[in-house]
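Let the sequences and hints guide you as you build the complete structure.
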Amino acid sequence: MNWHEMPQELLINMKRLLVFIRKEFYHVFRDQRTLLILFGLPVAQIILFGYALSSEVKNIGIAMQDNSHDIHTEKIIRKIQSSSYFKTESPILDYKDIENRFKDGSIKCAVVFPANFGSDLQRIGGAKIQVIADASDPNTATIVTNYLNAIVNDYQRDLNSSAKINYQIVPELRQLYNEQQNGSLNFIPGVIALIFMIVCTALTSVSVVREKELGTMEILLVSPFKPIMVLIAKAIPYLVLSLINFMIIMFLSVYLLNVEIKGSFLLLLAESILFIITCLSLGLLISNVTDSQQTAMLISMMGMMLPTLLLTGFMFPLENMPWIFQAISHLIPSHYYYIIVKSVMLKGLGFSYVWKETLILIGMALFLLTIALKKFKIRLS
Amino acid sequence: MQDKAIICKDLTKQFGDFKAVDKISFEVSEGEIFGFLGANGAGKTTAMRILCGLSYPTSGEASVAGFDVYKQQEKIKKNIGYMSQKFSLYDNLTILENIEFYGGVYGVSRPEIKERSAVLIKTLGLEKEAKKLVGGLPLGWKQKLAFSVAVFHRPKIVFLDEPTGGVDPITRRQFWDMIYEAAANGITVFVTTHYMDEAEYCNRISIMVDGKIEAIDSPSALKNRFNTTSMDEVFYELARNATRAAD
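Here the protein sequences come in this chain order: A and B. The opening residue of the first sequence carries number 21 in my numbering; numbering runs sequentially from there. The opening residue of the second sequence carries number 2 in my numbering; numbering runs sequentially from there.
Wrong hints could be hidden among the right ones.
Stated by the list, open to error - Chain A regions said to be covered by chain B (calculated; three or more residues, Cβ under 8 Å):
hint	segment
1	44-56
2	238-244
3	261-268
Source of the hints: derived by calculation from the structure; they are not laboratory data. Since the structure is predicted, the reported quantities are computational estimates derived from the model, not experimental observations. Glycine residues also receive a C-beta, built at the ideal position from the N, C-alpha and C atoms.
Here it is, written out as structure tokens:
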């Protein structure tokens, strides 16, 4: 090839690529299944994780028994009743009643004030409350007892301060316990990672494998269209669509879930592009090792989604896992992306804090892309 | 020397100890309709893949459209068309979009694509369907369209891998009319088939058995040689000695 041919050859190849990319967009926009995964999934996930699956527990059924009927117990009961975390049910009759209502699920927690609560508090300066929580769901039980503890502590503080200053009982429960709500913010970076993992990996691998199933891949390989170009043409539309997705997720996070983007949006965008490329490479790699759409979907979903869900640390703390799982977590790209998004988006940190993770992601992307391209070539020989 | 579209000399493809294609030699002239026959597993597909630039031979020589199969695969790809038994158009693209896509992939310019596709759609009588999705077309039409797309960029040679599989006899007949037309326009046709009546339509045929070409001639000459009136007999006589199990 001489120097005169080069630019023209390049131009022709670029035109071919554009023709191919346009075709890919036709596929995406005409396939309802793809559209649903592409745009329905992110919205559903954000809403699901943002609201339904938050660690904040609301409207817990609670029943109380006040054997003391003094000013203190009444105030505490009123505090509990005014909290949005609890839904007060009818008072408890006896111990058997608690057990029955735990069993039928109408309450998760029972509070009993002993007969001499008020007098103990005033005479001895200390009194006890019995809190019984249904620990069949340990998470909820822990949260419930924490809430109750906080309410009682709050009351105690009110009591102590009102001894010096006149009545200042202002129950500001929401603000006091906001730590719990903050916990749900951690879901956002995890959900973003999860969505990219599903959309980029699964959809790319399926779209390549679909051509194999249809027999069109054969035609493409016989055509002058270079195999590498097939992969690039497959990846570009999903890169573009994933970026649109990223914008949707950001929009929903900010305006629906009230999550503030504390760090640089551009940095976040750049890191996301890097992660998307990593996922796309993974998708292309999967498409090389399988010949059916079902298998490709299964590998992407089970092989990629579960580790992202379980081992990135956004649902379950990694620190508590056996070392083997912790070691595996270091092999998962989403683990690093999660750390990056958390740092930049939630903590407002700059590039100097995430360069290590960025470097690892770049390495992973290059590694996966190289194998994907090599494998694709081998298949042709 | 007469212009040859395909020249094979001792072409061999070996997978380990297994010789999928065993020293085959043949020539196909320009504008010829060449039938490439053989039982399943005889090595037809492997040979065809080499000629299409999809795989390298182990030894031997071959050139397609004047280009070497070892060194000039890219040039070969630009000069051939290909259609396989598997339906090869996109169901969720319209007829026009499919034509535009394949035309674009083969580097046909946009005005050319526009002009040729208008003519093509008129010839096929698909004016009403041009903007409908291909998925809704009957199989016969799809096959005819797929063939038209395979020769849309006016290749020197078109490779057809069992193009009429699963199609009714009338459509097959129409399909062969299209093949004749293409050949009349100077396109060399290299076709594999299982239908012996189709073999009769070819100018010359070769019959592969166990990786080797056992016979190569015009259908009438072959029938004379085996002293029968049907190609079925010829094929059976040659293929019954095959040792390879069909896959």
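Do the hints match the structure? See the list:
Closer than 8 Å: that is the beta-carbon criterion, and the segment 44-56 of chain A has 4 residues meeting it against chain B, so the requirement of 3 holds. Counting residues of the segment 238-244 of chain A whose beta carbon lies closer than 8 Å to any beta carbon of chain B gives 7, which reaches the threshold of three, so the coverage claim holds. Counting residues of the segment 261-268 of chain A whose CB falls under 8 Å from any CB of chain B gives 0; the rule of at least 3 is not met.
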